[in-house]
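Student: Protein sequence lines correspond, in order, to chains A and B. Per numbering that gives the first Met the number 0, residue 0 is the first one in the first sequence, and the count goes up by one each step. Per numbering that gives the first Met the number 0, residue 0 is the first one in the second sequence, and the count goes up by one each step.
Please note that a few of the clues may not be correct.
Here are some chain A residues pointing at chain B (derived, C-beta under 10 Å) [what the hints assert, rightly or not]:
#, residue
1, Glu33
2, Leu97
3, Asp101
4, Gly122
5, Glu136
6, Val139
7, Arg334
8, Arg562
Think of the hints as simulated: they come from the structure by calculation, not from any bench. Glycine residues also receive a C-beta, built at the ideal position from the N, C-alpha and C atoms.
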Amino acid sequence: MGVDVGGTFTDAALITGGRLITAKVPTTPADQSEGVIAAVTAVLSRAGLRPADVTRFAHGMTVGTNALLEGTGARTSLIATEGFGDVLELRRQDRAHLYRLDAHHSPPLVPHARTHEVTERCGPHGVITPLDPASLERAVAAVRADGSEAVAVGLLFAFAHPQHEAAVAAALREALPGVHVSASSEVLPEIREYERISTTVVDAYLTPVLRSYLGRLGERAAAAGLPSPAIMQSSGGVLPIADSAEHAAWTVLSGPAGGVIGAARLAAREDRRLALTFDMGGTSCDVALVTDGEPARTSRTVIAGHPLHLPVLDVATVSAGGGSIAWADSGGALRVGPQSAGARPGPAAYGLGGTEPTVTDADVVLGRLPLREPLGGAIRLDADAARAAVGGLARRLGLGVEECAEGILTVAVQEMVRALRLVSVERGEDAREATLIAFGGAGPLHACAVADELGVRTVLAPPAAGVLAALGLVMAGERRDYVQTVLAPVDAGAGLAGMLSPLREHAAHDLPGAPVQAAADCRYAGQSHALTIPWDPAAPEASLAQAFHDAHRERYGDADPGRAVEAVTLRLAAERPGADPELPGGAEGPGVAGPTVIPMEGATCWVGEGWTARVDGVGSIRMERG
Amino acid sequence: MSLDPITLQVMANALRAVAEEMGAALVRSAFSPNIKERRDCSTAIFDDAGRMVVQSASIPVHLGAMPEAVAAVRARGAAPGEVWLVNDPYRGGTHLPDLTMINAIALDGRTAAYAVTRAHHADVGGMAPGSMPAGSRELLQEGIVIPPVRIVRDGEPVEDVIALLLANTRTPAEREGDLRAQLAAHRLAERRLQEVAERHGPDRVRAAFTALFDYAERRTRAAIAAMPDGRYEAAEALEGDGVTEGNLWIRVAVTIAGDSMTVDFAGTDPTGPGNCNCPPAVTRSAVYFVLRCLTDPDIPASAGAFAPVTVLAPPGSLVDARAPAAVAGGNVETSSRIVDAVFSALGQAVPVPAQGQGTMNNLTIGGAGFTYYETIGGGQGASPDADGPSGVHVAMSNTLNTPVEALEVAYPLTVEAYRLRRGTGGPGAHRGGDGVERRVRVLVEADVSVIAERRARGPEGREGGGDGRPGRTTLNGRPLPAKWRGSLRPGDVIGIETPGGGGYGPPEEAIGEDGAHPAAPSENLSP
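Take these sequences, add in the hints, and give me the full structure.
Tutor: This is the structure:
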């Protein structure tokens, strides 16, 4: 059983004996665990099963993301190296907007007043100034006086020389047992102080919040007689609730991860080499690249303005959804978004007071949303209101109403296509070869238009909008990621394999017996950004160097085999495969030629002109062009 | 072929994507921290008439500076299959470290567009490592001068030109890596633009170039028309140019008439003996920057956005320098002061922010086998509705810092402190942003150049707001002039303290978050 919490609905999917049973309940924002248990109860009753029958229970949530977006994390302090306490405020010194000179970055999660410096300094070659015990004592007292629930420790060069951070963390833990401590050398031992310390501060800021949420959820699950839930991580793997509670920064992208994993597993079952996931909802659209069933990953992301450099699924988000508002700018161009009508007042067609034309209104004008079926079981669409809203914009632009509606969709699709292309091109893949896997409330409705613009010839729309994310939770494996910056030459004498040993030991301890996959971030000596190269530590170093030259040539069109290669950071992922349940399916029905509309549970599929759709036994739709 | 409002937007997106992907490819494959970490580079697409169609959002100082380079290369008859290289400030460049590459792209067998990359290379020779010497007196002291030459011919790199260039830099391996990164971006541009043409048709691509130009012009004219007509004057003084210590004056008169604007620098001092002179391309970039700040920043950075503006400058002046005047500091410092002057003039017509730090605090440290170049952020001026951000680049630059850890791994330097100079922003209803202190100890013998401004007078406040504190440069704690070059011994510490921004509105109108009048914090103000 998987339970996925979205902005509006909490979805549950249960797989038993080749049957797929789903349930949908409203999300309970104040305490998401309430809705989770309600969804569990609903799906079990539909299936006629008891809590004790559940063998595996996985959960994706947005507790961490919401706390970051809303600024409701824990009161947090920061301990920094003397002279460098402003690291969070200084960021990378670039301004928030090139030409809006009054724009500010998100304020730091720890204000200046709760940042305390200790006298110490490490450099590339080790300790320069020993840790001064008196300054440490002062810092501990200051954290106590702050009344903080969490403290981050971020000292220079701790990624290579963690001894000072370890001493600071130990002193804090001893003196302030109730306060959560995140040390940068534990959270992310990687070079570049701002990003490492930012990640560490996010971890400290969220951990008390996540710990209390997961505590409540664990209790509710136990009380209901359910197995202890596994929690979806940003990396696309799940972890037991206890491990998860100690590392909040790992769960920030728990929400979108389920859908991506679900789509990736689907692509793997279908034997698709290349797939693009396309998850479109009311306000935004998440896209990701999947190669040979494996979703693309990145170790650099920014959430609510705060860099987070942990391994995560590489999901690109654009502000284009069903509620995105269309408008005419002062130069006479038709624009869509980033303003959104949201759920309230929502598109004009919802009849809740919205008057601005949205993407959904354009769909209604073009007859792509059935008017008879109430949307999501509640909202009855008002075609006249949609037409009036789109008509107003059409007049301003000198277009016909249908023409304007087509235009709104074309422009909205452009934004999404740009994101899909970027996630492909950045990895040297040609989007035209991909299968588009469309889900989310508005995904199947716009998938053909997106595919046309991208040059994609196959679209898959899995059954029921929210279920894919919940299914992904069921199928996700247990996963942990480890990183360590080493800055070592890639040659036979450097002993890279030996440097990986501590990471292997951690993995063996945390996930005994799990298969591991190593990778190395490599660069030419003198370069400053690295490429992540999969790596077999048993093979000679020369093969890693060769793989790097090849990757560099593929990515940038150039390589220099004569040049020395350096490994910046070693990475190790341990992953136990997840469940591989038997999924219902059934024979595909006859082909239906577009243009036409196929209603789905919780969504609507639009089959574009020139496309043929086939629906299988559970309502999964496959569309082919030509 | 004219484009409907939908196709216009579709093509604008597609072309912007090409410029953005070029930039991503350049940054990702470059070698030097200056390009990779600090992203001191820009990319753009021009039409076959040499008009800028779209530029990636990157470095404002590159805004108006590319058309001259494209014109110079077009005049040489650039053909598809070639990539041209230029850095000569008097033939399309800005300052010598900015190496510009241009290639013609054919659609349908004839040239339809030019792709341009411009990247700041950390060393192109000259009298000091980093090629940004304080105190240079003629262009040749600042590095190798490259007129428009082919660096790729018939699709193959011209290795002789590359070898000549690499023989004239202190860091040939890094330069070669960066040059090849630029070339990779050009290959990508050609491929992607041809893909856009395959999808939409070459005629529609050509039509889109014109439509985008007209679109940006329409929107800019609408914005200028909303400003009150009139003539607005202002003046700003440079604090010497590295050779002369006296003030060098920039004078400007901005005339708004209907939907057009004329920016006239008549009365500006003549070309100075030092290196703070601006080729016209730099002067135009500074004017365009102010225009973009005061119009909707959402208007695409196409030549059309600048068509309603006429820039006039006396030939041979500080802002229209002629060969062989030295220019290293003009691009970075004089350009910042032109921005201040134009903002001050337009501030008499429309609300503008108080002055920001007005300098980039250029620091170059070079020694055996290494060159470190960095610009350092400071206080932004406060706006009518907001405090000025602290510790940021304020005008013509927006480059990232070099992380302390990356810097110390790469160079024999130790950063002693990197923090905000709290309380240096000017007081006001909205406070100016605070400046920054960065202190660097050299561990080996090294040559240092500092080119900075606002060491004597702080950035001005507006509408009753107070001035920001001036900056300071120190050697082992002793103050240095605004522009200085010298030799350091191991253990010497060079300190850069950057200016705070000006405040906006009377301080007594300041309202704190809790409704109280905030007291100005004064910690961390180093002696």
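Student: Could you check if Arg334/A really has its C-beta closer than 10 Å to a C-beta on chain B?
Tutor: 7 Å, holds
Student: Let me know if the C-beta of Val139/A comes in closer than 10 Å to any C-beta of chain B, holds or violated.
Tutor: 21 Å, violated
Student: Is the interface hint satisfied for Gly122/A? The criterion is a beta-carbon contact with chain B at less than 10 Å.
Tutor: 6 Å, holds
Student: For the restraint on Arg562/A, tell me whether the closest CB of chain B is nearer than 10 Å.
Tutor: 8 Å, holds
Student: Does the nearest C-beta of chain B fall within a distance shorter than 10 Å of the C-beta of Glu33/A?
Tutor: 34 Å, violated
Student: With chain B as the partner, please determine if Asp101/A meets the hint condition of a C-beta pair closer than 10 Å.
Tutor: Cβ of Asp101/A sits 4 Å from chain B, so the hint holds.
Student: Under 10 Å, Cβ to Cβ, is where Glu136/A needs to be relative to chain B, so tell me if that hint holds or is violated.
Tutor: Check failed: Cβ of Glu136/A comes no nearer than 21 Å to chain B, outside 10 Å.
Student: Given Leu97/A was flagged as interface, is its beta-carbon under 10 Å from a beta-carbon of chain B?
Tutor: 6 Å, holds
Consistency with the previously given hints fails for numbers 1, 5, 6, ordered from lowest to highest.
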